[in-house]
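Novice: Generate coordinates for the entire structure from the input sequences, incorporating the hints supplied.
The lines below spell out each chain.
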Amino acid sequence: MDNRNYTHILTALPCEAKPLIAHYQLKRCMAIEPFTTYGKDNVTLTVTGIGKVSMAASVAFIHQLVGGIPNSVWLNIGIAGHQSHPVGSAFIAHKITDADTGRCWYPSQPFNTPCESEEINTVSIPLVDYPETCLYDMEASAFHEIAMRFSTGELVQCLKIVSDNTANPAEKITPQHASTIVEANLQTINALLHKQQRLAETINPDQPEWYSMACEIWRFTHSEKIQLKDISRYWQVVSPDDPPELEQLPKNHSGKQILGWLKVEIATRKMNLSFR
Amino acid sequence: MIETIYIEEAIHRHPRAQTILARFPKARKITCQRYGEVFNPKSQNFRLQKRKPALILAEKYKNPVLPAPPGYGVGSKHNYYFSHMLNCLYDCRYCFLQGMFQSANYVLFVNYETFQKQISEIANATPEQEIHFFSGYDCDSLALEPVTGFVEAFLPVFRNHANAWLELRTKSTQIRSLLDTEPLSNCIVAFSFTPEVIAKHIEHRAPNIQKRLEAMEKLQQAGWSLGLRFDPMIYQPDYQNQYQALFKKIFARLDKESIHSVSLGSFRLPEKFFTKLDKLYPEEKLFAGPLEKSNGMVSYESTLEHDMFTFCSEELLKYISPRKFYPCTVGQ
Numbered sequence: 007m008d009n010r011n012y013t014h015i016l017t018a019l020p021c022e023a024k025p026l027i028a029h030y031q032l033k034r035c036m037a038i039e040p041f042t043t044y045g046k047d048n049v050t051l052t053v054t055g056i057g058k059v060s061m062a063a064s065v066a067f068i069h070q071l072v073g074g075i076p077n078s079v080w081l082n083i084g085i086a087g088h089q090s091h092p093v094g095s096a097f098i099a100h101k102i103t104d105a106d107t108g109r110c111w112y113p114s115q116p117f118n119t120p121c122e123s124e125e126i127n128t129v130s131i132p133l134v135d136y137p138e139t140c141l142y143d144m145e146a147s148a149f150h151e152i153a154m155r156f157s158t159g160e161l162v163q164c165l166k167i168v169s170d171n172t173a174n175p176a177e178k179i180t181p182q183h184a185s186t187i188v189e190a191n192l193q194t195i196n197a198l199l200h201k202q203q204r205l206a207e208t209i210n211p212d213q214p215e216w217y218s219m220a221c222e223i224w225r226f227t228h229s230e231k232i233q234l235k236d237i238s239r240y241w242q243v244v245s246p247d248d249p250p251e252l253e254q255l256p257k258n259h260s261g262k263q264i265l266g267w268l269k270v271e272i273a274t275r276k277m278n279l280s281f282r
Numbered sequence: 010m011i012e013t014i015y016i017e018e019a020i021h022r023h024p025r026a027q028t029i030l031a032r033f034p035k036a037r038k039i040t041c042q043r044y045g046e047v048f049n050p051k052s053q054n055f056r057l058q059k060r061k062p063a064l065i066l067a068e069k070y071k072n073p074v075l076p077a078p079p080g081y082g083v084g085s086k087h088n089y090y091f092s093h094m095l096n097c098l099y100d101c102r103y104c105f106l107q108g109m110f111q112s113a114n115y116v117l118f119v120n121y122e123t124f125q126k127q128i129s130e131i132a133n134a135t136p137e138q139e140i141h142f143f144s145g146y147d148c149d150s151l152a153l154e155p156v157t158g159f160v161e162a163f164l165p166v167f168r169n170h171a172n173a174w175l176e177l178r179t180k181s182t183q184i185r186s187l188l189d190t191e192p193l194s195n196c197i198v199a200f201s202f203t204p205e206v207i208a209k210h211i212e213h214r215a216p217n218i219q220k221r222l223e224a225m226e227k228l229q230q231a232g233w234s235l236g237l238r239f240d241p242m243i244y245q246p247d248y249q250n251q252y253q254a255l256f257k258k259i260f261a262r263l264d265k266e267s268i269h270s271v272s273l274g275s276f277r278l279p280e281k282f283f284t285k286l287d288k289l290y291p292e293e294k295l296f297a298g299p300l301e302k303s304n305g306m307v308s309y310e311s312t313l314e315h316d317m318f319t320f321c322s323e324e325l326l327k328y329i330s331p332r333k334f335y336p337c338t339v340g341q
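Residue numbers (my numbering), protein chains in the order written: chain A, 7 to 282; chain B, 10 to 341.
Treat the hints as calculated values from the structure; they're not laboratory data.
From a predicted model like this one, the values you see are computed outputs, not experimental measurements.
Mixed in with the good hints, there may be bad ones.
[Unchecked claim] Label-pair distances were calculated between CB atoms; the ranges are:
1. N49(B) - S218(A): 14 to 24 Å
2. T28(B) - D212(A): 24 to 34 Å
3. E122(B) - K178(A): 46 to 56 Å
4. H259(A) - P76(B): 32 to 42 Å
5. S330(B) - N278(A): 32 to 42 Å
6. L30(B) - S90(A): 40 to 50 Å
7. F67(A) - K126(B): 48 to 58 Å
8. N278(A) - E310(B): 16 to 26 Å
9. D212(A) - N133(B): 53 to 63 Å
Where is the CB? At the ideal position from N, CA and C, for every residue including glycine.
Specialist: Dropping the structure here:
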């Protein structure tokens, strides 16, 4: 796994995760203990367990597990109940209300959503009826609240698939059925993840090659690395086709010396500030 | 254009909210208690939201009309601004709104009557004094006119108060509602400009200079007073040629008599806003320019800023009378 653009998928139940694990060919990360986690490349899938506390803890745990990298893609996938929406239909959340506190969140979707959107009411105790015309689940509010601390809101989304309604009560849900309706929506899930990942790429731009090379050759402190990043960004903007000739510098230079050299180069070179 | 509309529950039944909702039958409608729940959360990315901004219909409760900052004005000692809307249809890279607001969604305060009442109160309090009201501070005054009906609703208020002047500040060509009504002597339709190359690169989604000039010509023919706003001035290595060409082009098309005022301002941002913009658009050349930080503000290096200001002032004064020229000194 490299350091950037992680995608974190979280489900409450193993049966919700099963088709996703198969589809994305994820492998169990045996060394990870408190929450069952699967992964491949920059994708993680965590089975959190039911309820807000488990979900909140899982989000925080996964964020720290990958090094606290900001602006990753976060997606909560799960089943939910609704008065009348057909079983198997998928909805992205446009409003999430925590039924216990009354607090609301409004996930922003600056892209064409791959399915309809709906309001979610997150409850702590399973409901046997559906008092309002919204989706009912048990994790979304906690997921959203905590994931928003680690990423910008546009990259944090909830996708719920209707598992029960007035005609198909929740008591009849089986793990097999939950897996089936998640699997039936893989195309929608793929499309949503793709859109989230494109957004993430916009705000997590690549560093130029010479930046990575410098980090490999010379040692930089944390604050020097920030300076190096700023310089490389500036350089990329005003002189993208003419990278600094770092090869000529001695390998035993300190990070400070490299930064000093780069600053002199910037000051002496004619950088292109024209919009033309 | 608008695919998502958030509506404060309290104004759901407001006639203006109903009219706007009817205009977008396919948009998803989401209710909220207060617009700040959607607009203010920190964890939002202006750049990402700008791809597909939502419209938020809200109610303005407090301070609908505020005194303008010192140094902001075009001839009156008494200057106020009001914002019926927050955020803009366009995406100009120098715009301070990107640094000021967390969200790129458009907030429209539908209770125009609250603004109008206070404007009337201020105008009535000193009927012998000229008072200017600026409407394009937190938004473009005209860009969303077909949806907001702002001009149509506010011109009658100013018709009733001869001492109250309205400035509409815009880059928009949405001038139909102005052309459909008798010109108002106490209204200035002010258009903002930067040179063509700059506009093309950093005034995303805004009408090009040609179209803005065509709109100005139509308004001029209809008898409206016009304003020219070169604020902010943007540096380019050949800025002299670029601004010279811009002024030449504009004054070749417009009758100087119909120009009420010309203002000029430097590129200046509070440091906090600048830092946010720079993070949002790390690839942007504008922010890599010859800038310096001083007293919590980011602006061009003082010598350069002075040179640009002097050059552009001298060039403008070749075309207009000094009495129509208003260098903007906000923050200086």
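Novice: Give a verdict on every hint.
Specialist: Here's how the hints hold up against the structure:
no.	hint	in the structure
1	N49(B) - S218(A): 14 to 24 Å	violated, 38 Å
2	T28(B) - D212(A): 24 to 34 Å	violated, 46 Å
3	E122(B) - K178(A): 46 to 56 Å	holds, 54 Å
4	H259(A) - P76(B): 32 to 42 Å	violated, 56 Å
5	S330(B) - N278(A): 32 to 42 Å	holds, 39 Å
6	L30(B) - S90(A): 40 to 50 Å	violated, 23 Å
7	F67(A) - K126(B): 48 to 58 Å	holds, 54 Å
8	N278(A) - E310(B): 16 to 26 Å	holds, 18 Å
9	D212(A) - N133(B): 53 to 63 Å	holds, 60 Å
Against the hints set out earlier in the document, violations occur for numbers 1, 2, 4 and 6.
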